[in-house]
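**Student:** If you want the building blocks of each chain, they are given just below.
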Amino acid sequence: MASPFSGVLQLTDLDDFIGPSQDCIKPMKVDKRSGSGVAKIHIEDDGSYFQVTQDGGTRKLEKAKISLDDCLACSGCVTSAETVLITQQSHEELRKVIDANKTAAPGQQRLVVVSVSPQSRASLAAQFGLNPTDTARKLTAFFKKIGVHYVFDTSFSRNFSLLESQREFVQRFRGQADSQQALPVLASACPGWICYAEKTHGSFLIPYLSTVRSPQQVMGSLVKDFFAQQQHLTPDRIYHVTVMPCYDKKLEASRPDFFSQDYQTRDVDCVVTTGEVFKLLEEEGVSLSELEPAPLDSLCSSVSAQEPSSHRGGGSGGYLEHVFQHAARELFGIHVDEITYRPLRNKDFQEVTLEKEGQIVLHFAAAYGFRNIQNLVQKLKRGRCPYHYVEVMACPAGCLNGGGQLKAPNTPGKELLQRVETLYSMVRTEAPEDAPGIQELYRCWLQGEGSERAGRLLHTSYHAVEKASSSLGIRW
Amino acid sequence: MKDSLVLLARVPAHPDSRCWFLAWNPAGTLLASCGGDRRVRIWGTEGDSWICKSVLSEGHQRTVRKVAWSPCGNYLASASFDATTCIWKKNQDDFECVTTLEGHENEVKSVAWAPSGNLLATCSRDKSVWVWEVDEEDEYECVSVLNSHTQDVKHVVWHPSQELLASASYDDTVKLYREEEDDWVCYATLEGHESTVWSLAFDPSGQRLASCSDDRTVRIWRQYLPNNEQGVACSGSDPSWKCICTLSGFHSRTIYDVAW
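Listed in order, the protein sequences are those of chains G and D. For the first sequence, the UniProt record's numbering assigns the number 1 to the initial residue and increments by one for each residue that follows. For the second sequence, the UniProt record's numbering assigns the number 1 to the initial residue and increments by one for each residue that follows.
Treat the hints as calculated values from the structure; they're not laboratory data. C-beta atoms are modelled at their ideal positions from N, C-alpha and C, and glycine is treated no differently. Don't take every hint at face value.
In silico negatives: residues of chain D with every beta carbon more than 10 Å from chain G [unchecked claim]:
1. R10
2. S33
3. G103
4. G117
5. G206
6. R216
7. T217
8. I255
The calculated lysine-lysine pairs, modelled on DSSO-like cross-linking and capped at a C-alpha distance of 27 Å, are [said to hold, decoys possible]:
9. G:K144 <-> G:K407
10. G:K145 <-> G:K96
11. D:K53 <-> D:K90
12. G:K381 <-> D:K242
13. G:K279 <-> G:K60
14. G:K379 <-> D:K242
15. G:K379 <-> D:K89
16. G:K96 <-> G:K144
17. G:K40 <-> G:K60
18. G:K144 <-> G:K279
19. G:K279 <-> G:K347
20. G:K407 <-> D:K127
21. G:K381 <-> D:K53
22. G:K199 <-> D:K127
23. G:K347 <-> D:K127
24. D:K53 <-> D:K127
25. G:K279 <-> G:K102
26. G:K379 <-> G:K199
27. G:K279 <-> G:K96
28. G:K356 <-> G:K379
29. G:K60 <-> G:K102
30. G:K40 <-> G:K102
31. G:K379 <-> D:K90
32. D:K242 <-> G:K96
33. G:K381 <-> G:K199
34. G:K145 <-> G:K407
35. D:K127 <-> D:K90
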């Protein structure tokens, strides 16, 4: 009998030398029926499976499926084809939707919205030798040329992520007496880190994670809730694509928490990496530098910036800096202008302190890369973590160095990264509370800071992944 | 040659289970053994007989696969299939577990101390090699996670005098690592074995590396420094390692271990 699963799922080796720990994490629900247990399995020509019971009755068996929604990048993959799942969510999907629009009836067309991350833009800028503003405008022109209706910048939604992170930290810091797990607050914008935390140290780490949504997912809320209403469309009529510097963002977009049951639609329908946008450009035979720039779109009609804007604090969003500055002011009345980083054991692990009257009152850190995440988690587990807030990122050097960024065959990695970092920091920065349109959106769309709507649309929750209790657990 | 080995004692070391590894302490006075009973035992002589001086239990949940003494002889590391590595501190005849190194996703296959004494390497079926650093307060931190191998890593060993690490894997290769800036990198891959490489050993001078494999051969590799007189090409400032000898036909089955 041919099994649709790889041999990995069927390994039940009693020898503890090679443990059966390659378990698929997806629990399979089996409907147990009472009655005699003997049945035959019959395979039809089309590959479907039917269970034939002793009395001759047949029942079509459901194929267990693994989709990207289930994918937690664990090591127990049934399909051993995370790459297959990930390519299903690619620029080809975007093409399909755009092509479908061409032949669809007017009422059936979908509004295609693309949200570009500033990191992807910086990578493309480096590739084509353009400045960030030109890159943004030419990218807008390109997407509109192929059938996209609106092009936004996730730096806009990042304002919300930063503001909510600031507020959350101050709340948790003040609430230390009430909860043992109030601090440290661990930044949660990086899905690679979140997947790892949920899978490996679920119930231990989750209480420390920030509940603030990442800029990608805040944009999901903005596009599918606010913008949809503005356009008089239901969320499922919008196809929302984001352009991101890594593949892990595809997993984030597939999380059930970001799926609307009411409208059966995802907040972010498709994530394409910077590399995939480059492929799209190649397939269209377009060189970004040769395009005529187009005006930039903005979510708020009151905003009409023709230049992108960004935030200070590095290429991974600036969470540490924004939370630090705000906390220094709110909690200790100290105004911090320049933030001084102290590198620790390696350049991906740095700390920042705030002193008042000779005492350290705030102790923050930025931990990038797996080895530093390991050390941070071990310190936490031993009760030896001195930090109040940690900006955690899975990629060494942060998001600008994400796995989906462009590589240049003739330029050494370090040099290219430097160039991308320079281009990223060329964009003028502004404080998130001052960004045009933000206060208005808090007022009109969210009905106030800290409101129920703000909680629902700007925050999320995490789920520990259940592991087999013993690695010798054999499922017969 | 077989006639010149005389059996001195036969010691039942790990009741009802496999004894996986043995290690002499640097002074040569104690023998550590580990096995499928999840314990480590320390053996020493009392007059003419071998007695068990300590049993280190409560450290691991599964088979202990390997034990390694630190160069100073005061610490013992035990690598286990439970994915952890325990560090035991010797206090006369007692051993106390001072810390447990976690992080590997599954079975830890080997552990090795660097000659300098403040670096430790572990490797696992999760295909990775981890380098750890210990400070004066017995605090261990992960310095690097190396994911160069494509399969289960069976063995790690340090060079006797250089800060150079070697690993052997089910992917049929041997890889060499060194420190670069604030991280460790794989700078060479030794290919040639046709099956799993089970173990490695540097000769005392550090000039040669011996590897043994499931392909029933032992290969000897030699280090060539840049600008060597033999004219062996090197990439940049990294030494080159070439296979200078393949010993085959001496064993009819898998060779699991090798020592100079």
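**Student:** Hint by hint, note whether the structure agrees.
**Tutor:** Verification of the hints:
1. R10: Fine: 25 Å to the nearest Cβ keeps D:R10 off the interface.
2. S33: holds (18 Å)
3. G103: Nearest chain G Cβ is 5 Å from D:G103, so the label is violated.
4. G117: Holds: least Cβ distance 18 Å, greater than 10 Å.
5. G206: D:G206 is indeed farther than 10 Å from all Cβ atoms of chain G, at 27 Å.
6. R216: At roughly 21 Å from the nearest Cβ of chain G, D:R216 sits farther out than 10 Å, so the non-interface label holds.
7. T217: holds (23 Å)
8. I255: Nearest chain G Cβ is 18 Å from D:I255, so the label holds.
9. G:K144 <-> G:K407: Holds, because 25 Å separates the two Cα atoms, which is no more than 27 Å.
10. G:K145 <-> G:K96: holds (15 Å)
11. D:K53 <-> D:K90: holds (12 Å)
12. G:K381 <-> D:K242: Distance ~45 Å between G:K381 and D:K242 Cα, so the pair is violated.
13. G:K279 <-> G:K60: With a Cα-Cα distance of about 42 Å, the restraint between G:K279 and G:K60 is violated, given a limit of 27 Å.
14. G:K379 <-> D:K242: With Cα atoms ~42 Å apart, G:K379 and D:K242 exceed 27 Å; violated.
15. G:K379 <-> D:K89: Given that 27 Å is the threshold and the Cα spacing comes to 21 Å, the pair holds.
16. G:K96 <-> G:K144: holds (15 Å)
17. G:K40 <-> G:K60: Distance ~12 Å between G:K40 and G:K60 Cα, so the pair holds.
18. G:K144 <-> G:K279: It holds: about 16 Å lies between the C-alpha atoms, which stays within 27 Å.
19. G:K279 <-> G:K347: violated (32 Å)
20. G:K407 <-> D:K127: holds (26 Å)
21. G:K381 <-> D:K53: violated (33 Å)
22. G:K199 <-> D:K127: OK: G:K199 and D:K127 at ~19 Å, within 27 Å.
23. G:K347 <-> D:K127: holds (25 Å)
24. D:K53 <-> D:K127: Roughly 35 Å separates the two Cα atoms, so the pair is violated.
25. G:K279 <-> G:K102: holds (22 Å)
26. G:K379 <-> G:K199: Holds: G:K379 and G:K199 sit about 18 Å apart, inside 27 Å.
27. G:K279 <-> G:K96: holds (15 Å)
28. G:K356 <-> G:K379: Holds: G:K356 and G:K379 sit about 25 Å apart, inside 27 Å.
29. G:K60 <-> G:K102: Outside the cut-off at roughly 38 Å; violated.
30. G:K40 <-> G:K102: Cα-Cα ~48 Å, so violated.
31. G:K379 <-> D:K90: holds (24 Å)
32. D:K242 <-> G:K96: Not satisfied, since the Cα-Cα distance of roughly 52 Å exceeds 27 Å.
33. G:K381 <-> G:K199: Holds, because 16 Å separates the two Cα atoms, which is no more than 27 Å.
34. G:K145 <-> G:K407: holds (25 Å)
35. D:K127 <-> D:K90: violated (31 Å)
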